[in-house]
Every structure is written in C-alpha cells, then in structure tokens.
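Engineer: The primary structure of each chain is shown beneath.
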Amino acid sequence: MSARVGSRLHAALPRGMPFVVPVLVLLGWQVGSNRGWIDPDVLPAPVAVAHAGWMSLRSGELLRNVEISTWRAAVGFAIGGGIGFALGLLNGLSGLAERMTDSTLQMVRNIPHLALIPLVILWFGIGEAAKIFLVALGVFFPIYVNTLHGVRSVDPHLIEMGRAYGMTRRALIRRVVLPGALPSIFVGLRYGLGITWLTLIVAETIAASSGIGYMAMNAREFMLVDVVVFAILIYAALGKLADSAVRVLERVCLAWNPTYRQQ
Amino acid sequence: MTATTETLLAPHAQRHARDLPEAVPQRPVAARLRGVEKSFGPHAVLRGIDLDIPSGQFVAIVGRSGCGKSTLLRLLAGLDTPTAGHIGIGDDDGAPGEQVRLMFQKPRLLPWARVRRNVEVGLATPNGATVRRRGSHDARAREAQAHEALARVDLAGRADDWPAVLSGGQKQRVALARALVGRPRLLALDEPLGALDALTRIGMQELIEEVWRVQRFTAVLVTHDVAEAVTLADRVLVLEDGRITADIAVELPRPRRVGDADAAQIEGRILDHLLARRSLGDEA
Numbered sequence: 000m001s002a003r004v005g006s007r008l009h010a011a012l013p014r015g016m017p018f019v020v021p022v023l024v025l026l027g028w029q030v031g032s033n034r035g036w037i038d039p040d041v042l043p044a045p046v047a048v049a050h051a052g053w054m055s056l057r058s059g060e061l062l063r064n065v066e067i068s069t070w071r072a073a074v075g076f077a078i079g080g081g082i083g084f085a086l087g088l089l090n091g092l093s094g095l096a097e098r099m100t101d102s103t104l105q106m107v108r109n110i111p112h113l114a115l116i117p118l119v120i121l122w123f124g125i126g127e128a129a130k131i132f133l134v135a136l137g138v139f140f141p142i143y144v145n146t147l148h149g150v151r152s153v154d155p156h157l158i159e160m161g162r163a164y165g166m167t168r169r170a171l172i173r174r175v176v177l178p179g180a181l182p183s184i185f186v187g188l189r190y191g192l193g194i195t196w197l198t199l200i201v202a203e204t205i206a207a208s209s210g211i212g213y214m215a216m217n218a219r220e221f222m223l224v225d226v227v228v229f230a231i232l233i234y235a236a237l238g239k240l241a242d243s244a245v246r247v248l249e250r251v252c253l254a255w256n257p258t259y260r261q262q
Numbered sequence: 000m001t002a003t004t005e006t007l008l009a010p011h012a013q014r015h016a017r018d019l020p021e022a023v024p025q026r027p028v029a030a031r032l033r034g035v036e037k038s039f040g041p042h043a044v045l046r047g048i049d050l051d052i053p054s055g056q057f058v059a060i061v062g063r064s065g066c067g068k069s070t071l072l073r074l075l076a077g078l079d080t081p082t083a084g085h086i087g088i089g090d091d092d093g094a095p096g097e098q099v100r101l102m103f104q105k106p107r108l109l110p111w112a113r114v115r116r117n118v119e120v121g122l123a124t125p126n127g128a129t130v131r132r133r134g135s136h137d138a139r140a141r142e143a144q145a146h147e148a149l150a151r152v153d154l155a156g157r158a159d160d161w162p163a164v165l166s167g168g169q170k171q172r173v174a175l176a177r178a179l180v181g182r183p184r185l186l187a188l189d190e191p192l193g194a195l196d197a198l199t200r201i202g203m204q205e206l207i208e209e210v211w212r213v214q215r216f217t218a219v220l221v222t223h224d225v226a227e228a229v230t231l232a233d234r235v236l237v238l239e240d241g242r243i244t245a246d247i248a249v250e251l252p253r254p255r256r257v258g259d260a261d262a263a264q265i266e267g268r269i270l271d272h273l274l275a276r277r278s279l280g281d282e283a
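Order-wise, the sequence lines are chains A and B.
Read in order, the letters of the first sequence are residues 0 to 262 in numbering that gives the first Met the number 0.
Read in order, the letters of the second sequence are residues 0 to 283 in numbering that gives the first Met the number 0.
Hints may be right or wrong, so weigh each one.
[Unchecked claim] Here are the computed lysine to any residue pairs in the SDA-like style, where the Cα-Cα straight-line distance is at most 25 Å:
| no. | chain 1 | residue 1 | chain 2 | residue 2 |
| --- | --- | --- | --- | --- |
| 1 | B | K105 | A | H156 |
| 2 | B | K105 | A | G179 |
| 3 | B | K105 | A | S183 |
| 4 | A | K239 | A | L181 |
[As the list claims (entries may be wrong)] Chain B is faced by these chain A residues, among others (derived, beta-carbon under 7 Å):
| no. | residue |
| --- | --- |
| 5 | A114 |
| 6 | M160 |
| 7 | Y164 |
[Said to hold, decoys possible] Take a look, some chain B residues computed to stay more than 12 Å from chain A by CB distance:
| no. | residue |
| --- | --- |
| 8 | S54 |
| 9 | R107 |
| 10 | A138 |
| 11 | H146 |
| 12 | E147 |
| 13 | A260 |
| 14 | A263 |
| 15 | H272 |
Since the hints were made in silico from the structure, they are not lab data.
Backbone N, C-alpha and C define an ideal beta-carbon position, used for all residues, glycine too.
Take the sequences, apply the hints, and build the full model.
Structural biologist: Set out below in structure tokens:
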C-alpha cells in the first residue's frame, strides 16, 4: 500500500505493533480463566487449548486432519479457480461467449453455494467429491467475476498500441491483456481463498469423517471444548497462511505497480 | 529526474545520437494518397485527400482539433481503413504494414514491462510472439538493438527500470525508442509532444529532428502547434474540415532555432491562414 496518510507515523511504530492487541486479549483470557471468571466448559483457558493442540499433534491426528483439509482446499480451489479463470478470460475476450453464458452464470451466482449442501450430499454422499465440489463452486464465482472485470478493464489504448506494433492475437493476450488483468485476478484469488476455507468448515462440520471440521465436531460429541477451540484456531491460521502466500505472490507479480511495490 | 535536468540533458541526447554508428541505414519510403475519404457513420471526417509525400520528407499536418488530422495519420499507419480512396506506401504502392510505425500522443508503455522490454515491442518478430529463450542468440540481438535505441534517446541507463518511475518526457522518449528500434521507413507522429511541458518539448523536438537526420525515414507529424511544425518540417499542410487547404514549403537551413525570424514569418502566414478562414466562416 502506498502513500497512506500518516505513513510517517506508521513507520515510527515498532514492528510488533500488529500483535499487541491479540497478545493483550490472550493475556486477559488466561487471567480470566485462572480467576474462575470464565467457565472452562464454555471457553477453556489458552493453556488448556495449547495443551489439547499439543496432544493432537503428538498423536498425529492434527497433521492427518490438516493434511486432508488442505488437500480438499487445494483441489477444490484449483478446479473452481481454473474453470472460473478460463471462462472469465473467454467471456472477457469474446462478446459472443459472454452473451451466451454470462447471464446464466450471474443467475447461478445468486444462489448461495452452501444452500446446495443437501443436494450435494444426495448426489455425492459424504465422500471427498462432495467437499471438493462445494469448494470449487464457491471459488468459481469470485475468480470468474474478477477475471472478466480485469480483462474488460485493460486500457484499450495499450491494446491498440499492440495491434499497431504488429502483435498477433496470442501475443496481445499474453503480453497486454493478461498482465493488465492480473491485479483484478489477484483480488479474485484472495476472495476465493476466503470462500475456500469458509466452505470447507461448513462442509466438514456437516458431512465428513476426517478433516479439521470433523475433528471439531467429533470433539464436541465428547465435550472436549479445548479441542473445538483449537480446531477453530487452526482454521484461522490456515486461512491467514494462504492469504499471506497470495500477498507475497502479488508483490512479486505486480512489482511494476507502484501500489504493490515494497518500500 | 525533474523536467529541468531532463532539458539540460537534451544536448547530450543529440551528441549521443550523432556518435552512434549508423547501423544499416533504412531507405525511407514515399506515401501516396488518392481521393481518401473517411466517415464515421453519417459524419464525414476526411473529404477527399490527394497527397504525395516524397520519401525522406518531414511533413507536418496542422489544424484545429476535430479537423481530421489524427484520422488521416491513423489511416496512414494502417490502424484504420479509408471509407473511399487509396493509400499506398513505397514503390509497390502497398499497405502500411511493418514499414510504418506510429508514435502516439501518450507514451502507451506497458507498465508491467521494464523499459528495455517495452522498446523490444517495436521489433518485428516472425510470428508476433516474444522470444522466449532468454540468452539465445536472437534474444541477445534484440536486447542489443533495444539498448542502441535507448542510447539514441539518451536513456541507456534506464533499461531495467519500470515505466512508472520515469517522468512524462522520459516515457515519451522510451516510446520514441520503441518506434525507432524497428527501423521504420515511415514514422507517423500523432502530437507526440502535446502533453509535455514547454522546455521538455523543445528538447524532444531537437531529438526527433536528430534521429530523423541520422536514421533516414519519412516523417509525418500531426500537431496543433504551428511553431513546432515550422521548426521541424520541410513542408506544412493545413487541414480544415477534412480537406488540405494549404501546402507550405519550409525551406530553412537545419538545425533550426526556436524563435528564428524567418521561421516566425512562415508561422505567421500559417496562423493568418487558419484564423482568416475562421473569421470568414463566422461572418458567413
């Protein structure tokens, strides 16, 4: 982010600044639990949550569940994102394709994809296909919409310049249209990632026999509140990790854009 | 770099252009227009243009905004096709193609490509694609050509910069390098200096004249600045309402100085012509 108001003030603050509030919350939570202000059956102490996490890590349960959830997220994201990107590109470049498909897609877009869960369970049972289908469906639209918008908003003067300098259609797409659409595509990417984890949480909580969501639901059955809280925190961490990865990618791919350039 | 330092650098640019080896001199081409008309819907922009531009000539086209001068240039560069009439380039009277390059009013650089890669856009490729193999013989040759073109506009040191960090004048010099690197035989310039401040503009005018003399191409400059036209061109055409209404030869020795008395006299004649027509029109 560039030229933010008060950037000088921003620079003067110590680097650990973003962590001050979370640490304070954590401390207050621990103190509240120790004093008995917070019922451990409602919300266990941070130390208890950490202990539950440690135990599931040692038993190998955590790693197995994180692995399966990440796999579902990645496959669903790749399928939904891939199709969304391809259709966005196609409809952005071809008026005919857009007239044929866009209004249909916009209609489907208005159905919340999680509303399809009963139907999806009927179709796919509670196997992997159901979860991956839901994730793919959820990811498809933000990637599609943002790719389409990105391709559409490429400066027509640059396209004309490319034509005037004898670029073929393929060269034009690769050298002008795609790089020009990239900032918008990244917006879709980050938005899609958020939807990936959201979909996975719901899908794994309702219909699954593995994964972090299943881990949380299973713990609920046995009233293991500390494990439930821990599973929620794992979701937060995975989501944040994926977002940070895209941000790094963004900074590398969009280094030409002053908005993304590192100071 | 600020506009001031840039202008101070302009004489260097000239020296550089002269010092550089004149690699493979390109033969300039002539252009021939016969009965060229262009309409957009019911609106006629060009109403019958007959024009011969001898090879190597520097022609300036002046006129008010909306007179059709940019349209004429786009036809010449092959970006549009005429509604009626014929445009022929060179001995074979053919289509513009690779031998004609257009320099736009705005630099139109690809912001996601380094300066050198932007200049390489101007190099013709067999299939219009980029050279993928980095470090191959072909890629190195292209790089060398881009560097030479950048040196000609005195930006050799900025090859690896992003366009976003350049000033307006520098960006337009990169655009000039991009137009020149493919060794065009006819260069069409569409008010390329219109958006620059006065001092930077004088530096750019000297640069354009210099590369025109060194690299030998036919130049067609569209401008609304009559002084600029007289400073640069061998011949000034006045375009009004889609027709050429005056064709004035400028036979002054080069390099010309801005503010020269003879030039000022020619400039006055062209301005009189433009303004007299307007007052006649107003009375009618």
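Engineer: Against each hint, give a clear statement of whether it holds in the structure.
Structural biologist: Hints and how they fare:
no. : hint                 : verdict
1   : K105(B) with H156(A) : holds (9 Å)
2   : K105(B) with G179(A) : holds (17 Å)
3   : K105(B) with S183(A) : holds (24 Å)
4   : K239(A) with L181(A) : holds (22 Å)
5   : A114                 : violated (40 Å)
6   : M160                 : holds (4 Å)
7   : Y164                 : holds (5 Å)
8   : S54                  : holds (21 Å)
9   : R107                 : violated (4 Å)
10  : A138                 : holds (15 Å)
11  : H146                 : holds (19 Å)
12  : E147                 : holds (18 Å)
13  : A260                 : holds (39 Å)
14  : A263                 : holds (35 Å)
15  : H272                 : holds (32 Å)
In summary, the structure is inconsistent with hints 5, 9 from the numbered list given earlier, while agreeing with the others.
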